[in-house]
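Engineer: Chains as they are written, first to last, in this note's numbering: chain P, 1 to 114; chain L, 1001 to 1118.
Check the hints yourself; a few may be wrong.
Computed cross-link-like contacts, PhoX-like style, restricted to lysine-lysine with a CA-CA straight-line distance of at most 25 Å [unchecked claim]:
(1) P:K44 - L:K1117
(2) P:K38 - L:K1069
(3) L:K1058 - L:K1110
(4) L:K1058 - L:K1113
(5) L:K1058 - L:K1068
(6) P:K38 - L:K1113
(7) L:K1069 - L:K1058
(8) L:K1069 - L:K1117
(9) L:K1049 - L:K1113
(10) L:K1110 - P:K44
(11) L:K1117 - L:K1068
(12) L:K1110 - L:K1069
(13) L:K1069 - L:K1049
(14) P:K38 - L:K1110
(15) L:K1049 - L:K1068
FYI, nobody ran anything at the bench for these hints, they're computed from the structure.
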Amino acid sequence: DAMVIQNPRYQVTQFGKPVTLSCSQTLNHNVMYWYQQKSSQAPKLLFHYYDKDFNNEADTPDNFQSRRPNTSFCFLDIRSPGLGDAAMYLCATSRDRSSTDTQYFGPGTRLTVL
Amino acid sequence: AQSVTQLGSHVSVSEGALVLLRCNYSSSVPPYLFWYVQYPNQGLQLLLKYTSAATLVKGINGFEAEFKKSETSFHLTKPSAHMSDAAEYFCAVSDRGNYGGSQGNLIFGKGTKLSVKP
């Protein structure tokens, strides 16, 4: 089945220690998104890639970076995680960037910061 | 700009009862609206979406939603709740800016947790 895969499902890191979260997709979609979802809150878009074009949300902290080496993979790098960065990180894909396109979500990576 | 408001952070129904989850939107351009479901420790799954065709939209798992422009609402309903419907439900609107652009970003409501009692 075509899908969006996130690894790892659970990640524990220490305060200030860089961490990388991974997302891969077999849907061959052009767009890949990263959302942050804190406990009992709505998912909040951090940034997205349209093909190789990176689009950062205005209020995304500089501490968060992303890489998309090819169509299938996208990474979220947190350079110096703080306690406030503990959250579920959701990767999503869509065929195009049309407002009517469905976004397909991965299962998420739950990040704990000690 | 667009936004959605979900009324009620928690809703509890008995198995077999009607499910009604409320969502109101605000948009300066015709909105595109979505309902997603999230089971514990899982990602979001699309239930249904409204993209300006039929105002009554049928989705998966027996859910449907009706777009009512006069009420700026897009409430989600299911005639008979099942235990497996217990999850968190998110209403979302596509971010189309102030001029109806096509950016693809989703703006989510805060979610409603649905509990189903036996």
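Engineer: Each hint should be assessed against the structure and marked as holding or not.
Structural biologist: Hints, one by one, checked against the model:
Distance hint between K44 (chain P) and K1117 (chain L) is unfulfilled; the C-alpha atoms sit about 31 Å from each other, more than 25 Å. A threshold of 25 Å between alpha carbons decides the hint, and for K38 (chain P) with K1069 (chain L) the separation of about 31 Å lies outside it, so the pair is violated. For the hint pairing K1058 (chain L) with K1110 (chain L), the CA-to-CA distance comes to about 23 Å; that is within 25 Å, so the pair holds. A C-alpha spacing of about 21 Å is found between K1058 (chain L) and K1113 (chain L), which places the hinted pair at or below 25 Å, so the restraint holds.
Among the hinted pairs, K1058 (chain L) with K1068 (chain L) is consistent with the structure: their alpha-carbon atoms are about 15 Å apart, no more than 25 Å. At most 25 Å may separate the alpha-carbon atoms for a hinted pair to count; K38 (chain P) and K1113 (chain L) meet this at roughly 15 Å. Taking the CA atoms of K1069 (chain L) and K1058 (chain L), the gap is near 18 Å; set against the 25 Å cutoff, the hint holds. Restraint check for K1069 (chain L) and K1117 (chain L): the C-alpha separation of about 33 Å exceeds 25 Å, so the hint is violated.
Restraint check: the Cα-Cα separation between K1049 (chain L) and K1113 (chain L) comes to about 19 Å, which is no more than 25 Å; the hinted pair holds. This hinted pair checks out: K1110 (chain L) and K44 (chain P) have alpha carbons roughly 10 Å apart, not beyond 25 Å. Simply put, K1117 (chain L) and K1068 (chain L) have alpha-carbon atoms about 30 Å apart, too far for the 25 Å limit, and the pair is violated. Annotation: proposed proximity of K1110 (chain L) to K1069 (chain L) holds, straight-line Cα distance about 21 Å (limit 25 Å).
Between K1069 (chain L) and K1049 (chain L), the direct Cα distance comes to roughly 15 Å. Compliance with the 25 Å bound is thereby established for this hinted pair. The straight-line distance between the Cα atoms of K38 (chain P) and K1110 (chain L) is roughly 11 Å, inside the 25 Å bound, and the hint therefore holds. Only pairs whose Cα atoms come within 25 Å are accepted, and K1049 (chain L) paired with K1068 (chain L) is accepted, the gap being roughly 14 Å.
Comparing the model with each numbered hint stated earlier shows that hints 1, 2, 8, 11 do not hold.
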